[in-house]
Structures are given as structure tokens and as C-alpha cells.
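Residue numbers (our numbering), protein chains in the order written: chain F, 1 to 321; chain P, 1 to 321.
Some hints here could point you the wrong way.
Just so you know, same-sequence chains aren't split out, so a pair can sit in one copy or run between any two.
[What the hints assert, rightly or not] Restricting the straight-line Cα-Cα distance to at most 25 Å, the calculated cross-link-like pairs of lysine to any residue (SDA-like) are:
hint, residue 1, residue 2
1, Lys309, Thr58
2, Lys39, Asp291
3, Lys297, Ala270
4, Lys297, Glu253
5, Lys17, Ser261
6, Lys69, Pro220
7, Lys10, Asn25
8, Lys234, Asp197
9, Lys247, Lys297
10, Lys297, Phe276
11, Lys31, Gly135
12, Lys17, Lys247
13, Lys215, Phe252
14, Lys273, Ile27
15, Lys72, Ala288
16, Lys310, Asp291
17, Lys273, Gly135
These are computed hints drawn from the structure, not numbers from a lab.
Here's the letter readout for the chains.
Protein chains: 2
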Amino acid sequence: MSLLDKFNQKDIRALSKIISAIEDNQIGVQKILGELYPKAGSAVRIGITGPPGAGKSTLVNGLAHLFLKHGKKVGVLAVDPTSPFTGGALLGDRVRMHEFPTTGEIYFRSMATRGARGGLSAATDNAAVAVGAFGYDIVLIETVGVGQIEIDIIDTCDVVVVVLVPESGDSIQTMKAGLMEIGDIFVVNKADRPGSDKMVAELRYGIGNWKHTNKSWPAPVIATEATHDKNVDKLFEVIGQFVEHLKTSGRFEAHRREQISKKVLSVLQARFKREFLDHVDADTRLEAVVDDIMSGKSNPYLAGEELYKKFEKQKTLRVQT
Amino acid sequence: MSLLDKFNQKDIRALSKIISAIEDNQIGVQKILGELYPKAGSAVRIGITGPPGAGKSTLVNGLAHLFLKHGKKVGVLAVDPTSPFTGGALLGDRVRMHEFPTTGEIYFRSMATRGARGGLSAATDNAAVAVGAFGYDIVLIETVGVGQIEIDIIDTCDVVVVVLVPESGDSIQTMKAGLMEIGDIFVVNKADRPGSDKMVAELRYGIGNWKHTNKSWPAPVIATEATHDKNVDKLFEVIGQFVEHLKTSGRFEAHRREQISKKVLSVLQARFKREFLDHVDADTRLEAVVDDIMSGKSNPYLAGEELYKKFEKQKTLRVQT
Numbered sequence: 001m002s003l004l005d006k007f008n009q010k011d012i013r014a015l016s017k018i019i020s021a022i023e024d025n026q027i028g029v030q031k032i033l034g035e036l037y038p039k040a041g042s043a044v045r046i047g048i049t050g051p052p053g054a055g056k057s058t059l060v061n062g063l064a065h066l067f068l069k070h071g072k073k074v075g076v077l078a079v080d081p082t083s084p085f086t087g088g089a090l091l092g093d094r095v096r097m098h099e100f101p102t103t104g105e106i107y108f109r110s111m112a113t114r115g116a117r118g119g120l121s122a123a124t125d126n127a128a129v130a131v132g133a134f135g136y137d138i139v140l141i142e143t144v145g146v147g148q149i150e151i152d153i154i155d156t157c158d159v160v161v162v163v164l165v166p167e168s169g170d171s172i173q174t175m176k177a178g179l180m181e182i183g184d185i186f187v188v189n190k191a192d193r194p195g196s197d198k199m200v201a202e203l204r205y206g207i208g209n210w211k212h213t214n215k216s217w218p219a220p221v222i223a224t225e226a227t228h229d230k231n232v233d234k235l236f237e238v239i240g241q242f243v244e245h246l247k248t249s250g251r252f253e254a255h256r257r258e259q260i261s262k263k264v265l266s267v268l269q270a271r272f273k274r275e276f277l278d279h280v281d282a283d284t285r286l287e288a289v290v291d292d293i294m295s296g297k298s299n300p301y302l303a304g305e306e307l308y309k310k311f312e313k314q315k316t317l318r319v320q321t
Numbered sequence: 001m002s003l004l005d006k007f008n009q010k011d012i013r014a015l016s017k018i019i020s021a022i023e024d025n026q027i028g029v030q031k032i033l034g035e036l037y038p039k040a041g042s043a044v045r046i047g048i049t050g051p052p053g054a055g056k057s058t059l060v061n062g063l064a065h066l067f068l069k070h071g072k073k074v075g076v077l078a079v080d081p082t083s084p085f086t087g088g089a090l091l092g093d094r095v096r097m098h099e100f101p102t103t104g105e106i107y108f109r110s111m112a113t114r115g116a117r118g119g120l121s122a123a124t125d126n127a128a129v130a131v132g133a134f135g136y137d138i139v140l141i142e143t144v145g146v147g148q149i150e151i152d153i154i155d156t157c158d159v160v161v162v163v164l165v166p167e168s169g170d171s172i173q174t175m176k177a178g179l180m181e182i183g184d185i186f187v188v189n190k191a192d193r194p195g196s197d198k199m200v201a202e203l204r205y206g207i208g209n210w211k212h213t214n215k216s217w218p219a220p221v222i223a224t225e226a227t228h229d230k231n232v233d234k235l236f237e238v239i240g241q242f243v244e245h246l247k248t249s250g251r252f253e254a255h256r257r258e259q260i261s262k263k264v265l266s267v268l269q270a271r272f273k274r275e276f277l278d279h280v281d282a283d284t285r286l287e288a289v290v291d292d293i294m295s296g297k298s299n300p301y302l303a304g305e306e307l308y309k310k311f312e313k314q315k316t317l318r319v320q321t
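Bound-form chain F, shown alone (with noise of 0.2 Å):
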């Protein structure tokens, strides 16, 4: 039995096993994406994001039991920037694993770069596609919102929701400031701690005034006890709430457009590079022009040049015979 077959039958682990064949960019994979695309575009995507020690896992995990009380199946994607280095998510797997009972209704998966470079927003936003269409009506992508990628990942989410903690030291706020236009709801987590008050009222005061603001949802700020289960409800109903808007609003089509006429161009470059890798014997191609640029006979730009025109005339000719 394929795959494939598995995964339609329900067996969870072809769904994992899925997932790894993404992140390694496996032969093939493309195709059984192609197949499980149609039956992905209902699952709502939920974007959670914020600085480290912010409470995002505490937060996604009572969400995650929300979702499932009112009857929805839940698929969790982890992305932990750190991982590549030290294989933190690993850890992270582990612990928290261990939070979600296997009943089937909630899915946990940590995605990690594993060596594979420039590839991690691609690869969950792929998993994303594997997890809707297996089945989970809600995806909750879970991330560490500072680079680049993160940010990437986060624009393919239906709905972002920012958590912050109020924490003074110059690491936080800087961080807050690369989040604060992303956000569609905003979260002071870890409300008992001082200063939660005047945060909540600083963040409403700058996104009544801040010239991006969606008049037609002015991003609302909630104050959370996520770890004594503080208010999550009530962030799960203004999510709720939210999407409720998108749809009726034509917001919700109009980013879907957008995400998929991204997702064909990038899929329509990584085409490129594996024919390129493929047929041209890159390896020893590249060699010679390195030496030529090392000693100063061509330099990148040229060789990158250079290199594709050869690329496509061998092509050309491949073509015509």
C-alpha cells in the first residue's frame, strides 16, 4: 500500500512520515502534495507568534483543547528557528508530546531546518497542506517571531495572533517592534506580572493610531493567565470572531489568492534549481568556476550568469534532438 493510500485510510503515521519527506525535500513529494492540496483548503491556519519565553506553547496548548471541546480536530506545527544547531526541537518534542494525549484529535509536530537551509518556511507551509488535508480542521502554527523566515511563515497564516509578555528589558522590546504590524489579535500573556496593565493600554493606544490599523478590525488586545488558564477562552472566541470577519469581509479569499500565487512561484523556482542540479554536473561545473573566480579570472555574478545561459542552451538542444 502507498503512502499515499495510508494517509487517506488515516493512519497518522503516513502523515508524519509526509511531513519528514517535506522537510527533506524528498523525490516525489511534490506530486503527493498535488494530491493532497484540494482536500487542505478548508482547514483554517492560525499563525501564533512572539519573543521566546512569551507562554506560545502554554497558549497553543489550551487553544488546542478549546478547539477540540467545540468539536474541531487540531494540528500543531512547532517551528523552532534554534533547532538547526543544537536540535532543540527535538527536546521540545518530547516534552511536549507528553502534554497531548495520542487520542488522534490533537496533532503535535516540531519542524526543524535540519541542516536544510532557506527552506524552512516552504516546508511548513507544506506540512500545513498534509495536515489540512488530513483531516484537522484548525492548523496551529506556532513560531518565534523575529527573522526573516518566521515572518514568512506567519503571512501564509489565515489569522496571527502576537503574544507578548510585559517584560521590561531592551531584548523584549525590540522584538516587539518587528511584530506589531503583523498581528490581527494581540496577547499580553502572563498578566499577573507587573506592568501587564499599561501594556494592554499602550497597545491599544498605538494601534487605534497606528496608520496601518484595518479600521474594519481594529486588532484587539486580550490579557492572558495562559498557565492558569486565564482567558484563553476568550481569545479562542475573538479568533472565532475573527475568521467570522475574514469571511465575510472578502478578506479571507483575497489572502488565499495571494498565498497561492506566491506558493506557484516558489514552487516554479525550486523547479528550476532541481533541473539545474540535475542536469548540469554541477559539481564539477562549480568547481572550476570557483577556481576561475578564487583567482580572480571571473567573480560570482558573471559565472552565476554565465552558468545559466550554458544551462539553458544544453537544454535547448536537449529539446530539439
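Guided by the hints, dock chain P onto chain F, whose structure is given.
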């Protein structure tokens, strides 16, 4: 007089304009970079990374002035991942430009995506080429070390200095994890804070035991107080020793070769994307493709493949006629 002529006549505004052109990915910029590349080879790139608030800027300023004192011209590129949203880099510029009198000996520039998502690491790499070609002996690249993009940038440096602070707080702990494996030299800055000695000891212990520790260069740990100019000279000295080590061990050249090979591949991919977007009536075609995907007639993986084939076929026809 062309921009390149002005650049060659050491007009600092020409350098800044070229870096802006790089950021905006303007037409013709690759050609300019090709001209500049051979002149950039001898500049040493030093990456300074660490969590926000670790005092990287003060350390960079201190190092820049020490290099200057030793007769080296220094260019500083400060990469600010939060800036696409807030224009944070601009504010930073204003504050920091002030610290560097425009003697022409120290050049300061902050790099921001400004909407051009995904291109920041390539842009920074190209900007470093321009700064090196202008005649700066040292390019200090300062970046917040968390996301993938920042790590990609650090990857292109000859020397990587990881700056940490004896701060508790889970935020910092989490970020530290991602930085451990990339450092050639570690700095515990703000060493007057409690916990500094312990942190230095822990780092040294860790470095001695890590599997990935380079036996011929076990990364040194230096405690500094950049704001009081304490031990920055020690760091300066160790950087010099490391560069010496790189050159005598052959690692300098090996790393440069690897960088060049990556660079050629990235130029090649960018070239393909540009040609695709130029020659195919991408927008119209993409709109129709998105319609098909929305209605379930196609999917992004299939559509990307089909577009690629159409694009290649058209090109073959163009070449033949």
C-alpha cells in the same frame, strides 16, 4: 560620470547609492557587483551576533575604533530584522551615525528589507562586497542572531563573534541555544552584572565538551564591558589571532570557496526568477492559474510545474526563431 566612476574615485556617496541599488535590486546592479567583486577579496568580514540588548552596537563601535587606531579602515553593516515593519533601522542610523564622525575612515550603514522580503541576506552579502571593494579593510556585520536570515548572513563571515549577556530570563536562554554552534569567539558582555563569572565558566566548560568544537581552535570566551571600554582590546587581539589561525590552517581559503559556490547558485536562481517574470506575462497568467487552483481544477505544485514547462518551451521557440 557614471556611478562606478564615482565609486572608483572614492566618492562615499557612490558607495551608499550602490548599496541602495543593491537593496532595491535595481537593474544593472549585478553588472556593477561583477566589477567590484575582484577588489573586495582581501577585506575580512567579521560577524557580530547575539540577542537584542546584548550590547553589540557598543562593542562594534569599540572594535571599529581599535581597527582604526591600527591603521585599518572599517565599514559597518548593521542588519536590523525588525526594520521592514517599523523603520527601526532608520532611527538606529540617526543615533549611530552620530557616534562615527564622517572621517571617511569608518563607514556605517544599516541594512533593512524595506519590503523586499527574503532578499536581506543576499543584499547584505552584496553590500559587504561593495564596502570591501571601496577599500575598507574590515567589514563588521552586526546582526541579531535568531532567525534563519541572520544565520545565513553570519555564514558569509570569516569570523563570527557571538555576544551574550549574563541575563536570566527564558528569552535569552532560548536564543543562546541557537547561537552556540556558530561562534568562533564568545563574548560575555556587561560582565559587571551578576552571574557573569558563572556564565563564562559554563561556556568554557561547554566549548571543551562539544562534539563540534574545533580542536585546533577551541573558541575563546572573553568577558567585556563594552560601555566602559573594558577588555574590548582583548577581543580585538583575539580576533587578530583567529584570522591568523584561519589563514595558516587553510580554513580561510576553504571557507571562501564554499561561499563563492553558494553565491554562484544564488545568482543563478535570481537570474531565473527575473527572466521568468520579465518574459512571461506573469501577472495575467498567474491570475488565471490562481482561479484554477481556487476552483480545485489545479494545485500550486502542478501549476508551478506546468508554468515552468510552458516558460521553457517559449524560450526554446525564442531561441530557434
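Results for each hint:
1. Lys309 <-> Thr58: Classified as neither: same-chain Cα gap 52 Å, cross-chain 46 Å, threshold 25 Å.
2. Lys39 <-> Asp291: Result: close only across copies, 16 Å inter versus 49 Å intra.
3. Lys297 <-> Ala270: This pair counts as between: shortest inter-copy Cα distance 22 Å, intra-copy 30 Å.
4. Lys297 <-> Glu253: between (52 Å within a copy, 16 Å between copies)
5. Lys17 <-> Ser261: neither (27 Å within a copy, 32 Å between copies)
6. Lys69 <-> Pro220: Answer is within: at 24 Å inside a copy they meet the 25 Å cutoff, but 53 Å across does not.
7. Lys10 <-> Asn25: within (22 Å within a copy, 46 Å between copies)
8. Lys234 <-> Asp197: within (17 Å within a copy, 45 Å between copies)
9. Lys247 <-> Lys297: between (58 Å within a copy, 22 Å between copies)
10. Lys297 <-> Phe276: Classified as within; 23 Å inside a copy, 29 Å across copies.
11. Lys31 <-> Gly135: Intra 19 Å, inter 50 Å, cutoff 25 Å: intra-copy only.
12. Lys17 <-> Lys247: So Lys17 and Lys247 fail the 25 Å test inside a copy (33 Å) and across (44 Å) alike.
13. Lys215 <-> Phe252: within (16 Å within a copy, 54 Å between copies)
14. Lys273 <-> Ile27: For Lys273 and Ile27, both the intra-copy (13 Å) and inter-copy (22 Å) Cα distances are at most 25 Å.
15. Lys72 <-> Ala288: neither (56 Å within a copy, 33 Å between copies)
16. Lys310 <-> Asp291: For Lys310 and Asp291, only the intra-copy Cα distance (18 Å) is at most 25 Å; the inter-copy one is 35 Å.
17. Lys273 <-> Gly135: neither (32 Å within a copy, 35 Å between copies)
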